[in-house]
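Novice: Here is what each chain is made of, one letter per residue.
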Amino acid sequence: MTAVLAAASGLFTQSFVTALIAGGVLASIPLMFTAVGEAISERSGVLNIGLEGMMLVGAYTGFLGAYEAHSMWVGFLTGALGGGVAAALMVVLSVRMGLDQIVIGIAITLAGEGITSVLQQAQFGGAYPRLPAYPQVAIPGLDSIPILGKSLFDQPLVVYFGLGLVAAVAWMFSRTRWGLELRAAGEKPEALDAAGVSVLNTRSYATLATGALAGVGGAYLSVIAAGTFTPFMTQGQGYMAIVIAMLARGRPVWVAVASFVFGISLSLSTALQLTGINISADVINMLPFAAIMLALVIFARSAYLPPALAVPYVRGAR
Amino acid sequence: MADGALGAGMSPTDPGAPAVELVGISKQFPGVLANDDVHLAVRRGEVHCLLGENGAGKSTLISILSGMQRPDSGTILIDGEPARIRSPRDALKMGIGTVYQHSTLIPALSVLENLMLGESRRIVLDRGRARARMAEIAKMLGVEVDPDARTGDLALGRQQQVEIISALWKGSRVLVLDEPTSMLTPQGVEELEKVLVQLKQQGTAIIFITHKLHEALAVSDRITILRRGRAIGELSSEEIRSSTPEQNRATIVRLMFGDATDIGDAPELQTRIEDVEDLGARRLTIAAGDEEEPILELKSVSAPGDGLEPGIVDVSMKVRAGQILGVAGIDGNGQRALAETIAGQRRARTGSVELFGTPVNRLGVSARQKLGLRYVTDDRLGEGIVRNLSVSINLLLKRIGEQPFWRRGRIDARKVNAAALELVAEYDIRTPGIATRAGTLSGGNIQKLLLARELSLGPKVVVFNKPTYGLDLRTTENVREVIRRLTAEGAGAVLISTDLDELLELAGEIVVLSRGRLVGTVQNGRDAAERIGALMIGDGDSPGAVA
Amino acid sequence: MAIAAEDRAAAPAPPAPPPARTATGRGQMVVLTFVRSLVPVVLALLAGAVLLLVLGRSPVRFYSDVWRYGVELNNWQNSAVLMAPLLLMAAALVVVFRANIWNLGYDAQYLLGAVFVVGYGPWMFAHFPRPVAYAVLFVIAGLAGAIWTIVPALLRAYFGTNEIITTLMMSFIGIDVANILVKGPFQDPTVTIPQTKTIPYNDMLPNIPGTHIHVGFLVALGIVLVLHYLLTRTSFGLRLQVFGENPKAARHVGINVRRLIISSFLWSGFLIGVSAAVDILGLWSYVRSNWNPSYGNTVIPFVFLARLNLLAVIPFVAFYAVLSTGGDLATQAVSLPTDFLLVIVALILLFMTIIEFLGRRRELGQSYLTKGLREALRQPLVRRRRSP
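Protein chains in written order, with the working numbering: chain A, 1 to 318; chain B, 1001 to 1547; chain C, 2001 to 2388.
It should be emphasised that the hints constitute simulated quantities derived from the structure, not laboratory data.
For each label pair, taking beta carbons as the anchor points, the in silico distance ranges come out as: (1) C:Y2120 / A:A168: 50 to 58 angstroms; (2) C:L2358 / A:A167: 38 to 46 angstroms; (3) C:V2060 / A:A168: 49 to 57 angstroms; (4) B:R1387 / C:G2027: 21 to 29 angstroms; (5) C:A2333 / A:L157: 40 to 48 angstroms; (6) C:L2032 / B:R1129: 54 to 62 angstroms; (7) B:R1084 / A:A168: 36 to 44 angstroms; (8) C:Q2028 / B:R1084: 34 to 42 angstroms; (9) A:P135 / C:L2038: 50 to 58 angstroms; (10) B:G1364 / C:S2294: 35 to 43 angstroms.
Just so you know, even glycine gets a beta-carbon here, dropped at the ideal spot from N, CA and C.
All chains, full assembly: derive it from the sequences and hints.
Specialist: Right under this line is the structure:
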């Protein structure tokens, strides 16, 4: 680490900063989709520990869709579907039947890890076919801003969708009846029930949305970032997304900011390689998690979770 | 509360079909027949009171009417038409609004947001329309509430007004109020009565649920008495008006408790029927001995609250041997912080807690317990017992690891069971056995279990937090007797209660807790209730202070 | 006056629950518990068979292979060897789960323990007699695991920070730290691939005479039995259980909750470290980079199925050891990745919660959680007079 800091002064060449920010944006997108999704279900009172599994399933089905249909958009669609199906399991077992959200979450993650690996092997027999690279879309004018222009405004189209999604979810939380109902379901489900809105439906939709978004996040990893699917490729990003949603207190804009910060730390290894400094991949891999632990230690008192989080709702139970 | 303030002249001359009618409602829960063939007809412009003990089936009936539960059999008629109420949404659509005993407002949301909850008209919230609707209803009720205030910041009386507005949001055919006065000051109750008068004039049918007889007589046009799940009698508006309050009382008591039962079994009735002066005199003889050294003393103690519960600020009080110090106050004014600070579950931020003249601030729960301090918690199920553990272990929960029940860390099951059997017998805990899971006991027996645990082995000062809340009359009387006996034997007691009648019955001196501060001390006696009520309101911003 | 007659009314008071356990009641309960524990496993194996069929593989062949490679001939001894670390891992999880705390950082705790054993092992054996070296290495590994739980433990104890998240994050960090150690200070200088030095064959744990099962198996079994006693018969176990069932009650009755949280975390981490020591000294003898057997993930369902009872854990762990030992080769035989076993484990977990749900519906309140002490206290009671 000290080596990084010592070299830092000479490091901040334009190419390094551009690579870092561009890489950070790219790496933050899957986190952002997934964490915004998690923010939705956390606000509604469902702690989605199975996010990692949903992301993996999304990554696999997304890859498959993009591979078979030769279209990244089909890939995102199938990714969302895959994540949604995994989330449906969570809906039935945890939300509807009231089973332990943590146990189910662990089971979904294990199942997601296992099944995608098995299917991948069964289908491709050990080969890892690649997808073509997809075009980037530059926003005319903005992309010519020095340093930031290239890195922020010359990106795959889905990146802009992600940013739009953040705005849309923020708007939904504060301005729509759905947002109000989601917040009520997490804060005090019995109040929502008394107001004549089904808590279970609200939480079910929230969980499905979470699964679909995690699926898109996973599909981004396989379709855009890696161009292929490899087992266990999410490498804990699902868990990172949970923490991001927690630290951002479920507020989408902060989710985006936090995702970007962690995206930067994920992309640091590539950027550093550009500068010729060679730091062990293990150290680099560790950084985002270390950053999260640090954030948790520092903000330990203020990470906010809704009062009814992970508490199954049963009408009439006190 | 002025008897008859609402009664006269309000009943419509031609009731027509009842606004809502329950026909033959039955509901069975595991082990309990909560409602048994209940018939009930509620007319427009009438306050119809459901009167019954805790556990008589009032709440179940209401949750059926409001769609929270479905009946096993029976029908509900709205304006004479059969109605299917399968969810709270159905009930609201039919104009049945309910104010539940436990607040259904979300403290973190604004008043307006709370009211908009459940609006299904459009996806995008229409704040302007909601504001207008709120103003309209508030005007009809004659109340004023800030729509943008954070709901959790409002006084409880004000919150209840928001709940009533919310219940009337989609129409005002029927308004159900479940124990609406339990959280209110006497002044707040008066204001609620005014609101009810307004609503009656609008033709709203009001169902008013209570277990307090005097309240029922004060507000109702009609009273139905529930007992063990059955509607066992009804007093019509004519009967109520044509008889004297005493006659009505006698009729109801007979219905509620049967001819054989003497009134002495019902302390709430007893308090009302007995002459208040007598009571006062009896108390004063107990409140003697001011010169004695206090066994428990709080000196300017402040402690943090948690979540929405306020902490306590600068509280000083003394308890002497043989004394019951009452702590009055509306629920949620720092009672729990006070009790837990004394018990050692919560650390005092400033000031000192002293037992027998020695500061114990640094001691934890078990160290204070060894000094003779005990705490009977109000959160019986939440923190009092461990449901999945046996009755015997729960009885000794505060002595884990202590001699003679544990020796060098190893449990001595024989000793544990012997002690448990003794306590079960002494405190008359009704349980199939001491190995039964404590969670399966009834509320009253759980309270007996807690009393047995806290009061065994030499208690010297005991903090009781709402010791009879939610208990049936017989157990309530038992518990009060236990408290009396305890202090007669020389221990001191702090009795925190939201039931003014209970405090007046037991305590010699009563301090009043408001927003975490002690706002005054009242010696029990003439006018004590009124003076305490005045103190509860404290400063100007009170739920009862709206002109 | 319109008194609706009959105030004899009053439905008879709800019948008292039947007097405590009769012999049949108890027998039924045992059967029920048995069924509830086994049915999820059977269902998961059936679902796994369906999955194999879908993938065009023969389930019959797969499961008979599992049996052949996991049990037949002397293969059961391989399964027993695998049981050693699994048992300790299960014990470590039971200690925290009983307190209703989730320690999901087992991978890092295990790997750090393992890396330190191989890191210091060769030197220890060169300078000290074997018994001393074993003891010291066990403690070092235990401490490595325990230390890795400290941050989550403190955060949980003092700020209530969700330990699921913190232990997972620490796990990701710890795995990388272990890799750094393997490639750095503990790298075997004589080879080019990233792996540690190897513990000499002669210094490995001796085998139980007549088998090739190392004595670590017996050590693990012994620790599990002692721990079972501690958890069910002592005040420590009861405090843990009270806290696990109702943390508010623990605070109310004056249990030092912070100390309890921290100590259960530390014990859990320690046991996981010891499981690594047993595994390395008994079986592996070295660690390669990016190696992670991830025992914890696979043990979790069985710990729950055993209802956090350590005696019941033993047969379940034996079952999984067979499934895993045999499954390793059986999956290869049908050309699937061994991750197929993960699917089966996840299915067991899912079916377990579903069966649990159905059971809870039948008999309100009965849950798979703890009943150790309740059970222990029942016996003397039956002989005594019934309480009033």
